[in-house]
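Asks: Kindly generate the complete structure, drawing on both the sequences and the hints.
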Amino acid sequence: MYKTWGDSTAVQVFNGQANSLNIDGNTAGVPNSDILRVERAYFTWNNIAGLPLYLSIGRRPSTGGPPMNLRKGQLRGGTPMGALIDFQFDGITVGYHLGEHSTLRLCYGRGYESGFGNGHVLQQPADRLKDADFAGINWDIWSDDTMLVQTTVARAFHITDGFNGLIVLPTNPLTGQPVNAPVVMRFTPSANLGDMDIAGLLVQRKDGPFDWFVTLGYIKSHPEPVTTPFGGLFSDPFQRPTSHSGTMYYLGGRYTFDGNRTMGGLSTTTVPSIGSILPRPKTTSLRRRPQPGAT
Amino acid sequence: MIEAYLMHQLAKKFFLRPGVVNYQYDYSGSSWHLGAPKKLDAKPILGFPTYDDATVVTVSMTARF
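Residue numbers (this note's numbering), protein chains in the order written: chain L, 1 to 295; chain G, 1001 to 1065.
What the hints contain is simulated information worked out from the structure, not anything from laboratory work. Watch out, some of these pointers could steer you wrong.
Claimed, not checked - Subject to a maximum C-alpha distance of 25 Å in a straight line, what follows is the list of computed DSS-like cross-link-like pairs (lysine-lysine):
(1) L:K3 - G:K1013
(2) L:K72 - L:K206
(3) L:K206 - G:K1012
(4) L:K220 - G:K1039
(5) G:K1012 - L:K72
(6) L:K3 - L:K72
(7) G:K1013 - L:K206
(8) G:K1038 - L:K220
(9) G:K1013 - L:K72
(10) L:K130 - L:K220
Replies: Right, here's the structure in full:
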């Protein structure tokens, strides 16, 4: 249960930030209501065929990954690098223990399910969306009590212009005019915008009482020539999307003192913006999709 | 973004954590993949609230069991 003090409305007025959206990826992570929710539920089949191989399926442990757990004084809570992926999803991991201190994982997850519940049989085949999925690698290159070196590399396919969820819009995003009644609507995406790559490297160490980490991240978009009234992939409405890339770093430290009873931490991150504009070599006609709406 | 915090164990399973996070934005669209990022003083005016500076102060008390 994660609720606002004195409120259980469960659907918030959109404030321009992701914390006022209720979608599959963050239902347990943003203030909602007094409803009990399940953030993760999965099974793991270990030692398949006598090998250091495992299979894990379900609602993944994909939030609270390193180094984000340090700031809460908690153990590692998720598999992927937390600075890159901190999002609930349903997926599959196949892992192989390369040694006592190294585990390689192939991961798959679904971000948007286009079939069940979306009324797609009522749409023309050309208007039906593709599922949004991702696939990637989570590799603990070295993991022991004092050091973690990890890389996460993934590509998301057929990213949509939103996710299914409930929302209250204060203004009409097309006209800018206020919406006078707080209407709860089921938002659903209207277009597949393209693919996106993410990659990162984390070095995290514990040197005596001092924990520290350095994280580097990279992102690159591969847009389809699709635009919507809200824009395309990192592009404005009705403009031809082009490929963009960006980098970020996140570093910090935490000092433990007072007989392990007190920890003080400091961290900082900078995202220099999605800046580098790389023309997409393929050029096709620009497709425009209708306004996302309620179903 | 810059964050500072202090975490203190008040009892065996009870923790107090004051913390502060400051965000400074130069561009719109942080966390979003729709729309082109724009300098916050760009025209036209953005459709939804976009902050240029935000500070979050929290005091958390955590019981673990």
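Asks: Each hint should be assessed against the structure and marked as holding or not.
Replies: Results of checking the hints against the structure:
1. L:K3 - G:K1013: holds (23 Å)
2. L:K72 - L:K206: holds (16 Å)
3. L:K206 - G:K1012: Measuring from Cα to Cα gives roughly 23 Å; hence the hint holds.
4. L:K220 - G:K1039: holds (20 Å)
5. G:K1012 - L:K72: It holds: about 16 Å lies between the C-alpha atoms, which stays within 25 Å.
6. L:K3 - L:K72: Within the cut-off at roughly 19 Å; holds.
7. G:K1013 - L:K206: Since the Cα atoms of G:K1013 and L:K206 sit roughly 23 Å apart, the hinted pair holds (cutoff 25 Å).
8. G:K1038 - L:K220: Holds, at roughly 18 Å.
9. G:K1013 - L:K72: At roughly 14 Å apart (the allowed maximum being 25 Å), L:K72 and G:K1013 satisfy the hint.
10. L:K130 - L:K220: holds (21 Å)
In this structure, every one of the numbered hints holds.
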